[in-house]
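Protein chains: 4
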Amino acid sequence: MSAPISSNYGSQVFGAWRADCAHAWHAYTHHAFVEGLRDGSLAHSAYLHYLIQDYVFLMHYSRTWALAVVKSQTRDEMRLSASIVNGLINHEIQLHIGVCAREGVCEDQLFAAEEELENLAYTRYVMDSGLAGDFLDMMAALSPCVFGYGEIGARLKLTGVKNNRYQEWIDTYADPEYQTLCEQAAKLIETAAADRIGTDSTLSPRWSSLCKRFSTATRLERGFWDMGLRARCNDAE
Amino acid sequence: MSAPISSNYGSQVFGAWRADCAHAWHAYTHHAFVEGLRDGSLAHSAYLHYLIQDYVFLMHYSRTWALAVVKSQTRDEMRLSASIVNGLINHEIQLHIGVCAREGVCEDQLFAAEEELENLAYTRYVMDSGLAGDFLDMMAALSPCVFGYGEIGARLKLTGVKNNRYQEWIDTYADPEYQTLCEQAAKLIETAAADRIGTDSTLSPRWSSLCKRFSTATRLERGFWDMGLRARCNDAE
Amino acid sequence: MSAPISSNYGSQVFGAWRADCAHAWHAYTHHAFVEGLRDGSLAHSAYLHYLIQDYVFLMHYSRTWALAVVKSQTRDEMRLSASIVNGLINHEIQLHIGVCAREGVCEDQLFAAEEELENLAYTRYVMDSGLAGDFLDMMAALSPCVFGYGEIGARLKLTGVKNNRYQEWIDTYADPEYQTLCEQAAKLIETAAADRIGTDSTLSPRWSSLCKRFSTATRLERGFWDMGLRARCNDAE
Amino acid sequence: MSAPISSNYGSQVFGAWRADCAHAWHAYTHHAFVEGLRDGSLAHSAYLHYLIQDYVFLMHYSRTWALAVVKSQTRDEMRLSASIVNGLINHEIQLHIGVCAREGVCEDQLFAAEEELENLAYTRYVMDSGLAGDFLDMMAALSPCVFGYGEIGARLKLTGVKNNRYQEWIDTYADPEYQTLCEQAAKLIETAAADRIGTDSTLSPRWSSLCKRFSTATRLERGFWDMGLRARCNDAE
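Protein chains in written order, with this note's numbering: chain A, 1 to 237; chain B, 1 to 237; chain C, 1 to 237; chain D, 1 to 237.
Okay, chain A solo, but in the shape it has when bound (with noise of 0.2 Å):
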């Protein structure tokens, strides 16, 4: 039942990030967030204010995906990141619009939600990779959410209670069309990486500050699922 837990979908690079912040990475993947989405215990309110969150991180987190096709240096990345943000804003985004309009959340209080912290801290720190470091920074930045999505997706298919009220949720992570992204992303960042500090990564001079990347945006990833849990709809200014 552990291989789709420590699978590292083909990434040395990321199977290190990973290990590097193991406990952090746990205590992001195994969230009691994550743990209600898998036996359908999470309060239902707690899941509709992550939805209507997740809307506006969506656009955030395409507009990380536009930086990256600024910052690529070669056709693959190029090519890979306008597609991951052409889904995300042409595609994803209209679904996610569906599934809340299904939950009667219509997609003008979706725009208007305030966007809480920890869901501002992720997205921003993941933009700010991008300017002040290179493809690669963004890439480290950008995993945790990719990587930690298909793992959690995954292993919840695996050992999640069936039919449970979050099955789609599930299902949207554990779908082939998901893990074959989850995929084509670390077959990205492989390559990325050995065009920037070798096929040595662990050797290189800026392993420990791309370690750093991962884990803090890790760290923001289980923040994520914190806010989620406090349900609150509105802040109180």
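Treat the hints with care, since some could be wrong.
One copy or two, either will do: identical chains are not told apart, so a pair holds if it fits within one copy or between any two.
As the list claims (entries may be wrong) - Simulated pairs of lysine to any residue, SDA-like, Cα-Cα distance not exceeding 25 Å: (1) K212 to Q73; (2) K212 to E114; (3) K187 to Q94; (4) K212 to D195; (5) K187 to G87; (6) K212 to C106; (7) K212 to A113; (8) K162 to D54; (9) K157 to D108; (10) K212 to G198; (11) K187 to P205; (12) K212 to R230; (13) K212 to Y55; (14) K212 to A231.
Everything labelled a hint here was simulated from the structure, so no lab data went into it.
Given the coordinates of chain A, assemble chains B, C and D onto it according to the supplied hints.
Same frame as chain A, now just chains B, C and D:
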């Protein structure tokens, strides 16, 4: 016959920018290179040189539209910009590679081409307009390329020597698909301007600065044709 | 006694932004942490935690002012922003290191401190405001820090318990040198606004978006004090 | 006498970049414009044109060093970059205004000057190097300006016609103050490279890409002298 020439694609803002630098606009849209495309008299070496540089241009031009996604403030701004990024990278550039291949130039040659001064100047100026300013500043710098090619394509379709060797180029930009893109961009700019400087655009304190961005970009587009005519395939270092 | 509290340092734009989110502004400038500085009741561990995080803050805050230089459109914008960058990096941070050293915390500890969520959120939000918007958007996001500290310093100087253990902190921001910096920044913002949205600022279509940036940044500043009160020197991973 | 010419100011990385494009480097540092400064034969109109464009250059060049502050990863990178930004904006540009005033050109004329193609191309290329890459990519693009002027100043001081009309220009860059700045920048680059690509720089997978940035920037610097010789004070639109 003058209809396509004087069209503003539905954007009064673009129309006013163009009128503000009418002389530079004419120098760009009626450049000797353009006239050579119109009547088929353009030296083939110049055309080839242009095609090769245009590949490099498209790579960086795509990056500027990606920065426009980063700078988007509304869903419509994000959606259209993301579509353009993806369309350029995963469609137009591929078509361009095909055109070049039929001319005997393979993609590795394209990718290895030394970017000429005038080519580099334009895309980096647009990029810096985005870094220095807001979404509307970028639009002012991007407009001469978008609408100028639309205007040239439409005019050459009407007035050009039929079936000359550059008919494919003319058809690309005269095509309803490209003309529709111009109309979408025009609408985007109208809204982007209304959201930032109001509907009486020319009364905004930013107006002269926006006109300057547009005219500088127009001057740089003219330079691109100058470069085409030089027909050097290899810069002397 | 209320004069310094209601001062807008000569900027009607700042005054209007503050009035627009009066409740959030009060929550920030009259936070329990601030009141603890005022009467000397703040736990010393909280103060130390704040000092350490403030070092990390100053590093990234300096970077945001550097981005303001990149985004400057006038000589005055460049000159003041450049002075602030240099003053922060080559003067303020050095002073801060001295303050921390007297509290027994050396610079390597400061540099190694893990940046807390609320700390990270504020500076990266400001940075992204610059990437997404123009110079004025940045000013809206930077204002709560600049003027809030000035207002707090002035108020605590007048109303605080004399010679309490936090007198040095109070004096730093009540100092004429800091108050003069606030006046210079106020003047800069007035001109920056006039140059971009005109003198009837509140009538600009950008007004509500600028107010939102100011109020979000104000909310994040309040979060910074919340963080101070938590007084965790080491985040659990 | 050749010592200053072959000096690498203590940076092996700079030395290797220069060696990699020796031909382009010579074309830049021994350009006809430079030789005209050396023996006093440069047309005064060309010098004036250069001075005016150099003012516009300094404004944007300062902005690029500000972006270097944004991209700094260490305290030393921040400190030196911030000093350079402030030195350029609040000192060098003021001196430059004085030089121009003595030549009869007032600051408003300087500020209103139309930026020429070659001028614009260089600074925007540097800026985009920062947006696309990391701090080291920026250093590769900034190096030809920093060290080239140092090398030219040192050579002209030794070999130039004494007390020719351009002695002041020569003295500025031959001056120990400027030569010391070159040494500081060299040290910064050595450390920045060691931190990112290791001490065997030429073995890094990034090496060819960094060499390309340096050689492109060198080519653009040569273009700046070409522009100087054109001596057009007003671009025809």
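How the hints compare with the structure:
no., hint, verdict
1, K212 to Q73, "both (23 Å within a copy, 13 Å between copies)"
2, K212 to E114, "between (29 Å within a copy, 10 Å between copies)"
3, K187 to Q94, "between (27 Å within a copy, 22 Å between copies)"
4, K212 to D195, "both (20 Å within a copy, 15 Å between copies)"
5, K187 to G87, "both (18 Å within a copy, 23 Å between copies)"
6, K212 to C106, "between (38 Å within a copy, 22 Å between copies)"
7, K212 to A113, "between (31 Å within a copy, 12 Å between copies)"
8, K162 to D54, "within (24 Å within a copy, 48 Å between copies)"
9, K157 to D108, "neither (32 Å within a copy, 44 Å between copies)"
10, K212 to G198, "both (19 Å within a copy, 19 Å between copies)"
11, K187 to P205, "both (22 Å within a copy, 18 Å between copies)"
12, K212 to R230, "between (27 Å within a copy, 23 Å between copies)"
13, K212 to Y55, "between (27 Å within a copy, 18 Å between copies)"
14, K212 to A231, "between (29 Å within a copy, 22 Å between copies)"
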